[in-house]
Amino acid sequence: DVKVTQSSRYLVKRTGEKVFLECVQDMDHENMFWYRQDPGLGLRLIYFSYDVKMKEKGDIPEGYSVSREKKERFSLILESASTNQTSMYLCASTTQGNYGYTFGSGTRLTVV
Amino acid sequence: QQQVKQSPQSLIVQKGGISIINCAYENTAFDYFPWYQQFPGKGPALLIAIRPDVSEKKEGRFTISFNKSAKQFSLHIMDSQPGDSATYFCAASNQGGSEKLVFGKGTKLTVNP
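Those protein sequences? They're chains A and B, same order as listed.
Residue numbers 175 to 286, in the numbering used here, belong to the letters of the first sequence in order.
Residue numbers 101 to 213, in the numbering used here, belong to the letters of the second sequence in order.
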């Protein structure tokens with residue numbers, strides 16, 4: 175069974191902390207994505223990556239960065255967490271030319 | 101231009117009824133329209149998808165209707181069941197561009213027994 179695994183289901187962090195959200199896929203997918211999900215706002219794209227060491231900004235990249243050193247792993251970094259980054263974060267992956275995303279189960283981040 | 105507008109925000113249907121969720125888009129370059137289903141505590145999962153060369157696609161109780169001239173598409177769930185209770189997202193993409201999807205804001209469906 176193919177999988178996208180997000181390392182934490184729940185995280186609580188303090189304002190100003192540097193936060194790492196990890197995502198690993200075992201399907202050898204080229205494309206990986208980070209979305210945040212907020213009630214009434216749907217899924218909004220933060221960053222995506224088409225290949226190792228490659229990244230592109232999505233619709234709401236401010237306050238975030240990403241790292242993709244290996245094909246299977248895509249990390250989302252909150253350089254200095256703020257309370258408005260409290261949200262559900264979803265990682266997804268897909269192979270080239272395929273628009274059927276496989277999502278992880280999400281990480282619910284609370285910044286206090 | 102990049103938006104996908106989804107309605108209603110929430111929907112309550114009786115068991116056995118028909119659930120209908122609507123989406124509209126502006127970008128005429130969009131050419132792939134999937135629907136995702138999300139249960140509480142889970143990530144969204146691809147449910148069904150359509151390309152604009154057909155007006156309807158059916159998979160079991162789930163049907164996508166597509167109206168290219170109106171730039172609208174909808175999901176119909178026939179004989180709705182309590183197990184269909186979930187949040188549904190429509191999305192769109194320009195396959196000539198990237199594998200990036202633009203999502204609607206979601207519809208929370210509740211099917212009462």
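Think of the hints as simulated: they come from the structure by calculation, not from any bench.
Because the structure is a prediction, the values reported are computed rather than measured.
Certain hints may be false.
[To be verified] Interface residues of chain B toward chain A, partial, derived using beta-carbon atoms under 7 Å:
#1 131
#2 139
#3 140
#4 143
#5 146
#6 162
#7 204
#8 205
#9 206
#10 208
#11 212
[As the list claims (entries may be wrong)] EDC-like mimics (lysine to aspartate or glutamate), calculated; alpha carbons at most 16 Å apart, straight line:
#12 B:157 x B:131
#13 B:200 x A:212
#14 B:168 x B:131
#15 B:200 x A:230
#16 A:244 x A:225
#17 B:208 x A:212
#18 A:177 x A:204
#19 B:158 x B:179
#20 A:177 x A:246
#21 B:200 x A:225
#22 B:200 x A:204
#23 B:115 x B:184
#24 B:142 x B:179
#25 A:192 x A:236
#26 B:142 x A:212
#27 A:227 x A:212
#28 B:208 x B:184
Backbone N, C-alpha and C define an ideal beta-carbon position, used for all residues, glycine too.
Against the structure, the hints come out as follows:
{"no.": "1", "hint": "131", "in the structure": "10 Å, violated"}
{"no.": "2", "hint": "139", "in the structure": "10 Å, violated"}
{"no.": "3", "hint": "140", "in the structure": "11 Å, violated"}
{"no.": "4", "hint": "143", "in the structure": "3 Å, holds"}
{"no.": "5", "hint": "146", "in the structure": "5 Å, holds"}
{"no.": "6", "hint": "162", "in the structure": "15 Å, violated"}
{"no.": "7", "hint": "204", "in the structure": "6 Å, holds"}
{"no.": "8", "hint": "205", "in the structure": "4 Å, holds"}
{"no.": "9", "hint": "206", "in the structure": "5 Å, holds"}
{"no.": "10", "hint": "208", "in the structure": "9 Å, violated"}
{"no.": "11", "hint": "212", "in the structure": "22 Å, violated"}
{"no.": "12", "hint": "B:157 x B:131", "in the structure": "15 Å, holds"}
{"no.": "13", "hint": "B:200 x A:212", "in the structure": "19 Å, violated"}
{"no.": "14", "hint": "B:168 x B:131", "in the structure": "10 Å, holds"}
{"no.": "15", "hint": "B:200 x A:230", "in the structure": "11 Å, holds"}
{"no.": "16", "hint": "A:244 x A:225", "in the structure": "9 Å, holds"}
{"no.": "17", "hint": "B:208 x A:212", "in the structure": "13 Å, holds"}
{"no.": "18", "hint": "A:177 x A:204", "in the structure": "14 Å, holds"}
{"no.": "19", "hint": "B:158 x B:179", "in the structure": "14 Å, holds"}
{"no.": "20", "hint": "A:177 x A:246", "in the structure": "11 Å, holds"}
{"no.": "21", "hint": "B:200 x A:225", "in the structure": "14 Å, holds"}
{"no.": "22", "hint": "B:200 x A:204", "in the structure": "13 Å, holds"}
{"no.": "23", "hint": "B:115 x B:184", "in the structure": "10 Å, holds"}
{"no.": "24", "hint": "B:142 x B:179", "in the structure": "24 Å, violated"}
{"no.": "25", "hint": "A:192 x A:236", "in the structure": "14 Å, holds"}
{"no.": "26", "hint": "B:142 x A:212", "in the structure": "14 Å, holds"}
{"no.": "27", "hint": "A:227 x A:212", "in the structure": "28 Å, violated"}
{"no.": "28", "hint": "B:208 x B:184", "in the structure": "10 Å, holds"}
In this structure, the hints that do not hold are numbers 1, 2, 3, 6, 10, 11, 13, 24 and 27, in rising order.
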